[in-house]
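Those protein sequence lines, which keep their order, are chains A and B. Residue numbers for the first sequence follow the working numbering, so the first one is 91 and each next one is one higher. Residue numbers for the second sequence follow the working numbering, so the first one is 96 and each next one is one higher.
These are calculated hints, taken from the structure and not from any lab test. The beta carbon of each residue, even a glycine, is placed where N, CA and C say it ideally should be. Warning: the hint list may mix true and false statements.
Output of the computed footprint for chain B on chain A, the stretches with three or more beta carbons under 8 Å from beta carbons of chain B [stated by the list, open to error]:
id	segment
1	91 to 102
2	109 to 119
3	177 to 186
4	192 to 199
5	285 to 296
6	314 to 326
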Amino acid sequence: MSGELQHLYEVLKYVQGFIYPNEIELRWSILIVLYPYITGLVAGAFILASLEKVFEVRDVRPTYRLALLTALAFLIGAPLPLLFHITHPLRGFEILLTPHTSSAMAVFGFVYLWYLMAILLIEIWLEYRKEIVAWSKETKGIKRVIYKILALGVSEVTEEAEEFDKRFGKFVAIVGIPSAVLLHGYVGFIFGSVKANPWWSSVIMPVIFLFSAMVSGIALVLFLYMIISYIRGEKPDIPCLDAMAKYLLYSIIIDFSLEMLDLGQRFYEAEEFFDMFTVLIKGKLFISLFIIQILIGAVIPMLILGYLRIFKTSDTTKRFWYFLTSLMVLVGIFATRWNVVIGGQLFSKSLRGLTIYKLQLIGREGVYIAIGVLLIPFFILLILLLILPPWKEEKKKIP
Amino acid sequence: MKRVSRREFIKKLSGVVILSGIKTSSFISFILSTFKYGKNKWGMVIDISKCIGCGKCVEACKKENNVPLEPFYFRTWIERYMIFEDGEVYVESQNGGMDGFKKLNPAKKIAKSFFVPKLCNQCEEPPCVQVCPVGATYETEDGVVLVDKKYCIGCGYCVQACPYGARYFHPETKTPDKCTFCYHRIKKGLLPACVTVCPTSSRIFGKIDDPESPVYKILKKYPVQVLKPALRTHPKVYYKEMDMEVR
């Protein structure tokens with residue numbers, strides 16, 4: 091008997107109540123949990139970068155470039171969970187070549203390419219152009235070749251060109267905000283538009299996805315900024331941390347309010363799905379929903395960040411709590427994605443029973459592959475940081 | 096370059112003409128066959144009061160359509176409902192009902208019990224077709240929803256979109272599979288396998304818009320229901336004598 095069948099027979103033992111016989115196999119696994127998680131990080135990191143560029147929040151300037159590179163690294167990694175998940179990855183390009191226009195999923199390729207090609211790459215290139223040209227002259231060997239290629243034939247940047255870059259960069263950043271909203275709002279729509287699934291089918295699903303994306307993106311850049319500062323032996327800029335923490339707190343408040351509104355409305359309306367819904371959240375989803383998503387991912391971070399905004403504390407204490415909070419939020423948002431994707435498949439569409447999700451270690455959709463897929467964007471980011479170091483600019487400005 | 100003589104050229108050309116002639120004639124015969132593509136709107140009526148839960152339909156379907164025998168893959172299955180005096184509902188579908196149903200002796204008194212065969216509802220507004228990102232799941236002109244296994248990328252969105260749990264992932268092709276009303280049979284004027292073997296004629300198949308069809312006659316004469324009508328999928332599988340507990 092194949093491993094897959096053995097797994098299904100094992101799952102069969104844990105089925106509660108009645109489920110349709112074809113529902114024993116839970117189709118969307120941990121990789122599909124990672125997909126909205128990674129895309130959310132992209133959108134959130136980009137919106138954080140826009141705070142500086144578009145809304146001129148000067149305090150977050152030290153993380154502007156890091157936020158852009160983080161968005162790019164995770165955007166490159168975003169299709170990986172999908173490619174690993176689909177059973178015929180070699181046909182995956184058909185989504186781009188022969189998209190079915192009524193399908194929400196078919197839009198992914200276009201939203202993705204628009205965001206990557208028209209927004210992120212252009213904004214990053216404009217931001218770094220002056221330095222890329224300088225590096226293409228200063229460096230030697232392979233680095234010189236890389237910078238020559240990245241300079242795209244530009245050998246000199248005049249003041250006029252710099253001014254143009256600034257203005258055009260701002261324009262791209264402004265267009266980037268609705269694009270980031272579109273990217274993650276659209277991911278929410280993929281789930282929110284499935285009328286067959288009452289756990290997913292919700293008008294505010296795209297909005298919740300969007301705000302949770304902002305929460306996770308800001309938390310990720312905060313986390314990375316502190317780690318990178320530590321590795322480089324520098325102290326992170328406290329006003330910058332304070333500003334990021336402030337926006338993180340605001341985002342969590344909005345996101346949490348929307349989630350509670352959604353949950354509250356489901357309880358109040360108590361439709362056909364209600365009986366199964368209560369069994370689900372009191373049982374199989376209790377820890378991931380109430381403990382991790384709500385308590386660790388939202389309530390405790392809100393209390394910590396709120397406390398730090400009201401009461402004066404030392405920089406060391408702030409750094410410690412900011413770091414811990416960002417980590418808690420990142421775990422919390424992962425649980426949010428888990429509860430949507432896995433939670434939505436645990437109950438039967440007969441609304442009479444529950445199945446379980448047994449996470450496998452090995453296999454195409456196992457834990458090891460998932461960890462690998464999640465780590466790849468970090469490796470991409472490492473390479474990007476080596477090629478386009480965000481901190482060079484600051485050093486030059488010091489003398 | 097090898098020169099081709101006039102004689103050789105005429106020989107080869109005549110071969111091509113004859114071959115294309117055969118192809119054309121088979122194409123014409125297909126067009127003129129009894130099957131009028133796009134003119135039939137197939138549907139099924141299931142008379143719940145007649146189903147005895149023998150499981151022959153499930154077995155026939157698996158054999159006819161190469162559905163794996165394991166209890167996780169079904170193009171059609173049967174559910175047994177038991178509604179007790181106190182209102183409690185018990186539903187089961189051991190091995191999709193393929194082996195029939197064992198006699199149960201519950202402690203409580205049963206108010207009513209019945210069997211409900213399930214299959215793809217061949218919706219007129221199929222959510223599975225709507226969500227397929229490459230159009231591999233599509234609707235034929237005669238209203239049957241099919242899956243192009245050679246084109247499907249295997250994303251599983253259609254499985255999520257189906258409100259009836261009618262789709263499973265075939266472990267060999269790694270693509271979704273579901274009931275096609277035995278499309279290969281109905282094209283030839285035969286009945287779907289499950290309808291052919293049903294000993295009590297609880298499954299009735301035919302065109303829903305043809306006054307001569309048994310399906311048409313039932314739809315016009317008796318009260319029928321469809322599953323989950325609120326979702327506006329407009330199923331073409333209709334249930335006669337269906338209880339409100341059936342989902």
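Hints versus structure:
1. With a cut-off of 8 Å between beta carbons, the segment 91 to 102 of chain A has 5 residues touching chain B; three or more are needed, and the interface restraint holds.
2. Three residues within the 8 Å Cβ limit are the bar, and the segment 109 to 119 of chain A against chain B gives 9, so the coverage statement holds.
3. Coverage of the segment 177 to 186 of chain A by chain B holds. Counting CB-CB distances below 8 Å, 7 residues qualify, and the rule asks for three or more.
4. Evaluation of the coverage hint for the segment 192 to 199 of chain A: fulfilled, as 6 residues show C-beta separations to chain B shorter than 8 Å, against a requirement of three.
5. With 3 residues bearing a CB less than 8 Å from a CB of chain B, the segment 285 to 296 of chain A meets the requirement of three and the coverage assertion stands.
6. A stretch counts as covered by a chain when three or more of its residues have a beta carbon under 8 Å from one of that chain; for the segment 314 to 326 of chain A and chain B the count is 0, and the coverage is violated.
In summary, the one numbered hint that this structure violates is 6.
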